[in-house]
Amino acid sequence: MATAPKEFRFGNFVASIVWLVFWIIIIVTLVVLPLIFVILFYVPLPYAGDEVLTPYLFFSMMVDPTRTVPIIDFLIHTDLFRAAIFPGFAYAAFIAAATIYIERKFLAKMQLRTGPFYAGRFEGILQLIADGLKLISKEVIIPSGADKPLFWATPIIFVATAAAATALIPVAPGWVASDLDVGILAIFAILGFFPLLALLFSWASNSKYPFIGGLRALHQLIAFEIPFILSALPIVLLSGSLNLSEMVESQYLFWFFAVAPISAFVFYISSLAELERVPFDLPEAESEIVAGWLTETSGMIYGLIQLGTYVKLYVLAALFVVLFLGGWMGPQIFPQELIPNYTGEKIYNATVVNGIFWFTLKTFGMIMLILLPRGINPRIRIDILLHTGWYKLIVLAFINIFIVLTLIYGGIITPGGLQ
Amino acid sequence: MSKEYDREFETKFQETTRLGLEVVKESEEDRLMTLSVGPQHPGSGHFRFTIKVDGDYIVYCDPDPGYVHRGEEKMSEYRNFIQNIPHLERPVIHDSTNITYSYSLAVEELLGIEVPRRGQFIRAIASELNRQVYTLYWLAIYGIFLGHSTMFMWPAGDRELFIDLLTALSGARVTHAYNIPGGVRNDAPNGFKEKCLQYVKYFEKRLVEYEDIFYNNPLFRQRTENVGILTKEDAINLGVTGSVLRASGIPYDIRKVEPYDVYDEIDFKVQYMKTCDSFARAYVPFLDMRESCNIIKQLLDKMPDSGEVRLKLQSNPKGQPGESYKRVESGRGALGYYIVSDGSPKPYRVKISVGSFRNILALPHLLIGSKLGDMPSIYWALNYWPVEADR
Amino acid sequence: MMSSNISKNSENDPKINQSSQKNNHNQTNLKDLEPKNSDNFIDRSLNLENSIYSEISSKFTNKVKLKYSKSKRIKIYVEPEDIVEVAEFLKANIGFDHAESVCGTDYPDDNSIEVIYHLNSYSREDLSPIIFALSTKTSRNNSRLPSLIRVFNSVEYHERETFEMLGVYFEGHPRNERFLLPEDWADIPPLRKDFQIKGR
Amino acid sequence: MASSIIKKTTTATGFIKAIESGSKHLLLKRFTLRFPEQKLKFVGDGYQFDPKRGVGIAGARGRHILFHEKCTGCQLCAITCEGIAEAIGMVKISEKWKQNKKGIMPQIDYGKCVFCGLCVDACPFYALFMTNDFELSSFTKEHLIYTPAQLAVKPKYDGSVDIKIDKRGAWHG
Amino acid sequence: MVGELGSQFTPILYALGIGVLAGVPSLVLSRLLSPRKRYNPVKFLPMECGQVPVGEGRSHFMMQYYAYILMFVVFDVIAIFLYAWGSSLLSISREATLPMIAFLGIMFAAMGYALYLSGRKGIW
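Chains as they are written, first to last, in this note's numbering: chain V, 8 to 426; chain E, 21 to 411; chain D, 2 to 201; chain L, 2 to 174; chain W, 612 to 735.
Please keep in mind that the hints were generated in silico from the structure rather than gathered at the bench.
Mixed in with the good hints, there may be bad ones.
Unchecked claim - Capping the alpha-carbon separation at 27 Å, the derived lysine-lysine pairs in BS3-like fashion look like this:
hint: 1; chain 1: E; residue 1: K276; chain 2: D; residue 2: K92
hint: 2; chain 1: E; residue 1: K322; chain 2: L; residue 2: K102
hint: 3; chain 1: L; residue 1: K165; chain 2: E; residue 2: K221
hint: 4; chain 1: L; residue 1: K53; chain 2: L; residue 2: K102
hint: 5; chain 1: E; residue 1: K94; chain 2: D; residue 2: K60
hint: 6; chain 1: V; residue 1: K141; chain 2: W; residue 2: K648
hint: 7; chain 1: V; residue 1: K112; chain 2: L; residue 2: K40
hint: 8; chain 1: D; residue 1: K71; chain 2: E; residue 2: K366
hint: 9; chain 1: V; residue 1: K116; chain 2: L; residue 2: K53
None of the values given here were measured: they were computed from a predicted structure.
If we strip away everything but chain V, and leave its shape as in the complex, we get:
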C-alpha cells in the first residue's frame, strides 16, 4: 500500500492533483453552493446578537473582525459546542493525548529511560500522532467466530460512553455541558458501563483469554463499585446536593479533602481500579491472560479503546478534583481586563478563565497521581483485590461517612462552612 508504484512519475502525480482540484471546484460551484442556498432559504436561522446568523456573517469577518464576536459568543453557548468542544469531548481528548505523552515521559524518567524521543523535534512530542497514524493504517483482524456487529460496535460505544461522561464534568462556573441535578449519580451510571463493555467485547471476540479478562473486569466492578459510590457520599452529605456544580460551589471556603481525606483515599484507590490501571490491571494482565479482554483487538479498534480509556482517566481525575479538591476554586490570578480600555464585545471572562486554569492544573496533578502507581507497583491478584475492596475499603469509606455525620450533627460544619 505504502510503496509507490514502479512507474511513478512526479509530473503525473502533480497533474492528477490539479485535475482533482479542478473537478472539486466545478462540483462545489455547480452543486454544493446552490444546495446550501436552497437549504438556507427554508431553514429559519437563529439570531446571534441582533443579527440573523447566516454564512455571510462569516465572510464579513474579513472586513470587520469585531462583527464575528457575537457569532462566536452565540456558538460557544450552544449545547452542541459544549458537548463537543470545550468542556466536553475535544477538551477531554486533548487532555487524554497530553496524558499519554506525559505518562510515557514520566514513566521513562522514573525508569531512567528517555521515552519517546525521535518523533518530533523536541523529546518525541509528535509520538502520539505517529502512533495514531500507525494504528489507523494497520489491518483490523477479526477472529473467526466472532460476533462481528458487536466486535465493531463495542469500541465505538466505548468511546461514546467516555465522551458522555465528559459532558457531566463542570470545568468552570457555568461551563458544563449538562448541568444535571443528579450529576454524580449519572456519572456513576455511565462509569458502570465500562466493565460491561469489556465483558461484551470479550464475549464478542470468541476467545478464551478475552473471556477470562472480561470476567475479571466484572469482578473488579464488584470489588470496587461499592467503595467508589460510598466514598463520594460524604461530599453529598456536606454539600446537600447531587449536582456537581453545586458541590464545587459549596467548597468556596475549604476543600472537602480537609474533612474527608479517608474518602478521598478510597475514591483514589477505587478509581485506579475503575480505570484498570496498574495495581489493578487484572483484566489486561499480560503475563497471565495474554492481554486480557484486549487480546483480539488490533489496529484502530485498539486505538479507539485506548482513547476511551484515557478519556475515562480524565473523567475520573476531574471527578476527584470536583469532589475533593474544590473544582475550579482557586485564587484569582488572571486580570479582569486583558486589554485595558477595551470597549468592544466582551468574550474574555476573568472568572471563567481563572476557573479553567485552576481546574486544568488540579486535574493534571491528579492525573500524575493516578499515573504514579504504575511506576512503583506490581499487579495485584484477584482474590486480594476482592478482599481489599470488601473488607477494607468499604469499612474505610463508612468511617469517613460517620466522621462527616458527627461533624454535621455536632454543629461544627454546616453547608455554609465552619461555624
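Using the hints provided, position chains E, D, L and W relative to the given structure of chain V.
Chains E, D, L and W alone, transformed into the frame defined by chain V:
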C-alpha cells in the same frame, strides 16, 4: 485458598500430578477451560505448558519444552574440543561464561591440564560478572511478569554495567566465547580492576533501591508470600537446584560444596532462606547478587597482577580416553558437563546437565492447586530458562 | 604432550606452584587419570569414596563392578536387573537422594547403550560434593531398562529425554513419550551414533 | 547461617518507601545510550592475538581486518571456522604476494559469522585481526559477504561514549 | 417537568453522538487505508498462543468468587439508596437520621455476617 479446597486437591493429585497425568473426573471435564501458555504468550518464553483452569484454580499442568531444541549434545560430537565453545554457549547467551566454564573444566580434566593462576582468577571474575548479568535479566523478567514495569527497566539498565565490563574483558556483549580449555582467551585490559570496582560499588547502592521498590513492596509480598510452597522434602525429591533449592532451606552451592578453581580461597556465605515460597525463590537470587559483589571485590583483591592467563595448547588437542563430570554454579544452579572421550580430538558424548531442566520438574507440582494469578510468580521464580532446558 | 607445558609453566611461575599445592584436590584429578600413579597415591580425600564403595560392595558382592573411583567421583556398573535394588540401597542407606542427570551413551561397537545416573546428595553434607555414577547397559536392538522413577522422583524428565534421544524404553515410567523433539519427529532416536547430522 | 532474613515492613511504610524510591529517580540522569548519535568506546583497536605467547589481546570483536602482506593463504582460519559457523571461504585474489603462493585469501560472510574470534586465534601470521566496527547491517545478503579487498580496509569507528558514574546516577556520556 | 429534565439530558446524548462521530470515521478510514489480506485462514483463528484453538471461546465458565457477586447485587442498591437520604440530609429533621443509622447497622451486620460465612465456607 481455603483448607477444604486445598485438601480435596491434595488427595486427588498427590500421587499423580507430578507425573503430569490427567486425573480430572469426566463429569467435571466440561467446566474446565484448557489454556495453553506459550509459545506465543507474554508469560512463557520459548516454552509451552498446557493448563486447565477450574474457575480461578489450576487443576492440571503439562509442561512441553522443546521449542528451541538445538541438539547441542549431538552437535558437540561433530566438533573438536575448541570448536565446541561458540555453539555451546548459545543455550544461555545471558550466562554464556558459566556454561562454557564447566565445559572447559571438564575438558581440562580430560586433557590433563591446569589453568594458570591468573587465568583462574579472571575466569572466576568473568563467571561472577556474567551471573550478575543473568540474574539481573531474570529479575527484570520477574518484574514485568508481575506487572512491575520499573522493575523491568532498572535491572535491564543496570545489566549494562556488567555487560560493559564483560565487553572490555572479552570483546563481545553477550556471546563471549571467553573460557577456553586451558584458561581464558585474553588477559584483562588495563584499568579493568578500577572500572570493575567502581561499577560494583555503584551497583551495591542500586540493590538497596531494588529492595525498596520491589522486595519490600507490600503488593509484591502479597503476590509471592505463601505462594507455591516447595517444601524441603519435595525439593530434595524433585532434585531441583540453584536458587530454588536454596529457597527451600538447603544451603547447597557448588562454589562452596565443591569449590572449583579459586573459590576455596574466597570467603563468602551461601545465601538461603527457609520460607520455601515464591518470595524466597525470588529473594535468594537477589541475595546472591549482593554476595556476588563481595566475591568480585575479593577476587579483584587477590588476583595476581601479572602472569599467564592461558596455556598454549596445540591446535587440535586430543583428550585422554575416559570421562569427566564437572559442575559449576551458574545463575540457575548446578551446571554440569559429562564428557566422554575416546581419545580423538572430538568428544564422544557430551551431556549437559542444566539447572533449568531440573527445576521445571517442580512446575506442575507447584502450579496445580494454585490460582491462575499465581502462575507467573511461580513459573518465573523457578529460575527457568527455556532455551537452556531444551539445549 | 600437555605435561611438558605444565612443567614449563610451573618452573617459570612460582606462584602457580604454590597454588597447586594449596588446593590439592584440583591436582588430584590430574594424577588419577594416570593409572600407575593412582596405585601408590593415597589421598585423604578419597577415604569417603572408598568407604562408600566398600559399603556397597559388602552388600552386593558380585553384582556391582567399580569402574573408577577418583576424587569426588565414583562410577559403578550394575546389571539392569539389579539396578532398582542398588538404587534403593543408595537412597536409603547411603543418602544419595536425587539424580543430577541421566545420560545415555551409544556404543555401536559393543551393540550396547550405556545409561548413567549421576547421583548426588542434598541431605548429607559430606556427600554433597560426590557424584555417584550408577551405570548400566542395555542392548541397542531391544533397549529396555527398569525405570528408577519410584526411587528417585527427579529422574522423570531425564528418563523421558533419554527415551526419546536414545530409544531406551524405561519400564515403569508413566510417560515414555516425546518431550523435546518436534511433535512430528519420525526418525531414529537422534543421539544414536547411526543418526547422522546433515552434511557431516 | 545466611543473612537471609528480610526486614518485615508494614504496608504503609512499604508503599511510602516505594514511592520515595520511585520519585527519587525522577531526579537522576537517564541511563539510555542513544545509539546512532552516541557510540560506545571500546578497549583498544579490537581483538588481536599473539601466536607466540598464545594469548589474545583484549578488544572488541567486530568485523575482521585482513593484512594482505602477511596472509599466506594457509586456510587455517577457514578450517577453524568449518566447525563453528562456516563463514570463511578461501577465494582467489588477483594481486600477487610473495608469501601467498596459492593466491587465496579468506572471504567472510557476516550473515553467518558468530564473532567468536577463533579464526584470529588460529592465524599464526598476524594476518587476521578483529576491529571495533560492528555496524554491518545491509539490505541484501550479498552485501554481507566481505571480499579480501573489503576486509583489508581499516574501518572508521568513532565511539567515544563511556559509562560515567557520579552522585546523579550512571549515564552514558 | 419531564421535558425540562429531558432537556437537561440532551447534552449527554450530544456527547454520545460525538463519540460515535469520532469513532465511526476513524474505523472507516482505517478500513480504507489498511491492507486486507485474506489468503491465510489460520490468521483469523482466535488467539491461542500459536496453537490451534481447543474448545469454545465462549464457554460455561465460573469464577469462584460468586459470594461477592451475590452480596454486590444487594448492597449496590443500598449504597445508591443512601444518596437519596444524603442529598436531603440538611433539609430533613434530625430524628430522621436515627432510622437511617439503624438501617446502616443492619446493613453492616448483614454484610459482616455474609463475609464471615463465605470466608468460613471457603467459597473463594
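Evaluated hints:
| no. | hint | in the structure |
| --- | --- | --- |
| 1 | E/K276 x D/K92 | holds (23 Å) |
| 2 | E/K322 x L/K102 | violated (50 Å) |
| 3 | L/K165 x E/K221 | holds (13 Å) |
| 4 | L/K53 x L/K102 | holds (24 Å) |
| 5 | E/K94 x D/K60 | violated (38 Å) |
| 6 | V/K141 x W/K648 | holds (17 Å) |
| 7 | V/K112 x L/K40 | holds (23 Å) |
| 8 | D/K71 x E/K366 | holds (23 Å) |
| 9 | V/K116 x L/K53 | violated (51 Å) |
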